[in-house]
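Asker: One-letter residues, chain by chain:
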Amino acid sequence: MSKQPLCLVVDDSRVIRRVAVGIISSLGLRTAEAEHGLAAVQFCGTTVPDFVLLDWNMPEMDGITCLRSLRAMNLSPRPVVVMCTTENGLAKIREALEAGADEYIMKPYDRDVLLDKLVQVGLVERA
Amino acid sequence: MSSKDFSVIASFLKDRSGLIINEDKTYLLETRLSTILREHKVAGLSGLADILRQPGPHAVKDKVVDAMTTNETSFFRDSHPFDTLRQSMLPGLIERRAGSRSLRIWSAACSTGQEPYSLAMMMKDNFPILAGWRVEIIATDLSPTVLDRARTGLYSTFEVQRGLPIQMLVRHFDQEEPNWRIKPEIRKTVSFRPLNLLEDFASLGQFDIVLCRNVLIYFDQPTKTQILNGIARRIASDGALLLGGAESVFGLCNTLAALPGLRGVYGHAGSPKPFVRQLSAAS
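Going down the list, the sequences are from chains A and B.
Final position of the first sequence in the working numbering is 127; the numbers increase by one with none missing.
Final position of the second sequence in the working numbering is 1283; the numbers increase by one with none missing.
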């Protein structure tokens, strides 16, 4: 059996990371955490995750800068990046999509929303 | 609540909507009706049964039917029927209707509109050829309240995140903080009408495709048969019906038969040429 996909959860709130990690691991996926964009970029320098759940507003390096850095690294295989943020204006969503985001979750979200997005990007099969 | 009270409520729901509630589903009445009963100062389900025993209209009666028959829905619900429509049914239908350049689709029991709007968005994105066609999407539901909501095309942030790819949100919605409204160009392609599936619906005319998903599960067997026969009469001779994942025509309706290779898709039994394009890899 092949290894379960690895999901990197990037958020400066430990509580929010814990909630996301709880949902993702309950779906049988492996998880890792980073507390800001810079830590996420460093993580990806050694281990390429299959999926990155990425907050926008964080210290050290924000999510959009992190996203651009990850795309500039040309990681292989290319990780799926889903922005997950309270920034839910149409302009911000467009900006993230242009920077290479695959999906976008507007906070607050629930388990069903995250599950739907994971299904859409092909990481989880619909039950 | 006494058994007598329960049967008053159950037979009211069956008469009005065809909905079958067995006594082991009493909790459904409690969870779905508690808010309405409180708002109308009705003393619990027994109090409701007393109101239902009185003939004539009462504000709470319509609300009870709405609350019990409004079902969960989301954009692109179950996704695979939409894949079937996009990859197989619509390409075949468009070929078949190239002469008349018109097609009609019926979304039966459309609830708050996510199904017909999903269809409209998917068709606009994938079949630009249809821009020059006469395309009608008729969406019906029992409840005037949910139809009013569906017509507004206004959805919460939660609703637009269920099943809808973000690219489609960006392309087909305008933001009206804190909600999202589907663009007029999509909204105008869907026409919403109140319809009770227990009544005659011959006036709707003929359809090339009918979607009636996760509706039949709420009815008893004779009602399922009646509805399926009615729908069959509304489907063009080479048209098709899409049912929900847990539904089938088997043992209910002899005039419809499963189309081989396509899950949940039915055509007229013995019809030699359903329009659907067979996929070599269809499963």
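What the hints contain is simulated information worked out from the structure, not anything from laboratory work.
Keep in mind that the hints are not guaranteed to be accurate.
[What the hints assert, rightly or not] Derived SDA-like pairs (lysine to any residue); straight-line CA-CA distance at most 25 Å: (1) 1183(B) <-> 30(A); (2) 1188(B) <-> 1219(B); (3) 92(A) <-> 1145(B); (4) 92(A) <-> 1159(B); (5) 1183(B) <-> 87(A); (6) 1004(B) <-> 1157(B); (7) 1183(B) <-> 109(A); (8) 1188(B) <-> 90(A); (9) 107(A) <-> 1154(B); (10) 1124(B) <-> 120(A); (11) 107(A) <-> 3(A); (12) 107(A) <-> 1170(B); (13) 1124(B) <-> 33(A); (14) 1041(B) <-> 1145(B); (15) 107(A) <-> 1157(B); (16) 1183(B) <-> 77(A); (17) 1025(B) <-> 1015(B); (18) 1014(B) <-> 1147(B); (19) 107(A) <-> 1222(B); (20) 92(A) <-> 1178(B); (21) 1188(B) <-> 1159(B); (22) 107(A) <-> 1183(B); (23) 1004(B) <-> 1024(B); (24) 92(A) <-> 1101(B); (25) 1061(B) <-> 1098(B); (26) 107(A) <-> 1149(B); (27) 1061(B) <-> 1171(B); (28) 107(A) <-> 1077(B); (29) 1183(B) <-> 94(A); (30) 3(A) <-> 33(A); (31) 92(A) <-> 1125(B).
[Claimed, not checked] If you anchor each label on the Cβ, the simulated ranges turn out as follows: (32) 1032(B) <-> 108(A): 21 to 27 Å; (33) 107(A) <-> 1151(B): 46 to 52 Å; (34) 1217(B) <-> 108(A): 27 to 33 Å; (35) 1026(B) <-> 69(A): 38 to 44 Å; (36) 28(A) <-> 1024(B): 31 to 37 Å; (37) 77(A) <-> 1200(B): 55 to 61 Å; (38) 110(A) <-> 1177(B): 17 to 23 Å; (39) 1043(B) <-> 14(A): 31 to 37 Å; (40) 1151(B) <-> 18(A): 38 to 44 Å.
Remember, it's a predicted structure, so these values are computed and weren't measured experimentally.
For glycine and all other residues, C-beta sits at the position ideal for the given N, C-alpha and C.
Asker: Against this structure, judge whether each hint is valid.
Answerer: Okay, the hints, checked on the actual structure:
1. 1183(B) <-> 30(A): Violated, at about 39 Å.
2. 1188(B) <-> 1219(B): Roughly 32 Å separates the two Cα atoms, so the pair is violated.
3. 92(A) <-> 1145(B): Cα-Cα ~34 Å, so violated.
4. 92(A) <-> 1159(B): Status holds; Cα separation ~19 Å.
5. 1183(B) <-> 87(A): It holds: about 22 Å lies between the C-alpha atoms, which stays within 25 Å.
6. 1004(B) <-> 1157(B): 43 Å, violated
7. 1183(B) <-> 109(A): Holds. Residue 1183(B) to residue 109(A) sits at ~24 Å (cutoff 25 Å).
8. 1188(B) <-> 90(A): 23 Å, holds
9. 107(A) <-> 1154(B): 19 Å, holds
10. 1124(B) <-> 120(A): 20 Å, holds
11. 107(A) <-> 3(A): 30 Å, violated
12. 107(A) <-> 1170(B): 17 Å, holds
13. 1124(B) <-> 33(A): 40 Å, violated
14. 1041(B) <-> 1145(B): Holds - the C-alpha atoms of residue 1145(B) and residue 1041(B) are around 21 Å apart, at most 25 Å.
15. 107(A) <-> 1157(B): 9 Å, holds
16. 1183(B) <-> 77(A): Roughly 36 Å separates the two Cα atoms, so the pair is violated.
17. 1025(B) <-> 1015(B): Satisfied, since the Cα-Cα distance of roughly 18 Å is no more than 25 Å.
18. 1014(B) <-> 1147(B): Holds - the C-alpha atoms of residue 1147(B) and residue 1014(B) are around 21 Å apart, at most 25 Å.
19. 107(A) <-> 1222(B): 46 Å, violated
20. 92(A) <-> 1178(B): Holds: residue 92(A) and residue 1178(B) sit about 15 Å apart, inside 25 Å.
21. 1188(B) <-> 1159(B): Distance of about 20 Å is within 25 Å: holds.
22. 107(A) <-> 1183(B): 23 Å, holds
23. 1004(B) <-> 1024(B): Distance ~14 Å between residue 1004(B) and residue 1024(B) Cα, so the pair holds.
24. 92(A) <-> 1101(B): 40 Å, violated
25. 1061(B) <-> 1098(B): Roughly 47 Å separates the two Cα atoms, so the pair is violated.
26. 107(A) <-> 1149(B): 24 Å, holds
27. 1061(B) <-> 1171(B): 40 Å, violated
28. 107(A) <-> 1077(B): With Cα atoms ~22 Å apart, residue 107(A) and residue 1077(B) stay inside 25 Å; holds.
29. 1183(B) <-> 94(A): At roughly 17 Å apart (the allowed maximum being 25 Å), residue 94(A) and residue 1183(B) satisfy the hint.
30. 3(A) <-> 33(A): Given pair residue 3(A), residue 33(A) holds - Cα atoms ~18 Å apart, limit 25 Å.
31. 92(A) <-> 1125(B): 23 Å, holds
32. 1032(B) <-> 108(A): 21 to 27 Å: 25 Å, holds
33. 107(A) <-> 1151(B): 46 to 52 Å: 29 Å, violated
34. 1217(B) <-> 108(A): 27 to 33 Å: 31 Å, holds
35. 1026(B) <-> 69(A): 38 to 44 Å: Between residue 1026(B) and residue 69(A), where Cβ atoms are some 57 Å apart, the hint is violated.
36. 28(A) <-> 1024(B): 31 to 37 Å: With Cβ atoms ~33 Å apart, the hint holds.
37. 77(A) <-> 1200(B): 55 to 61 Å: 57 Å, holds
38. 110(A) <-> 1177(B): 17 to 23 Å: Since the Cβ atoms of residue 110(A) and residue 1177(B) sit about 20 Å apart, the hinted range of 17 to 23 Å holds.
39. 1043(B) <-> 14(A): 31 to 37 Å: 48 Å, violated
40. 1151(B) <-> 18(A): 38 to 44 Å: 41 Å, holds
Hint violations for this structure: numbers 1, 2, 3, 6, 11, 13, 16, 19, 24, 25, 27, 33, 35, 39, all remaining hints satisfied.
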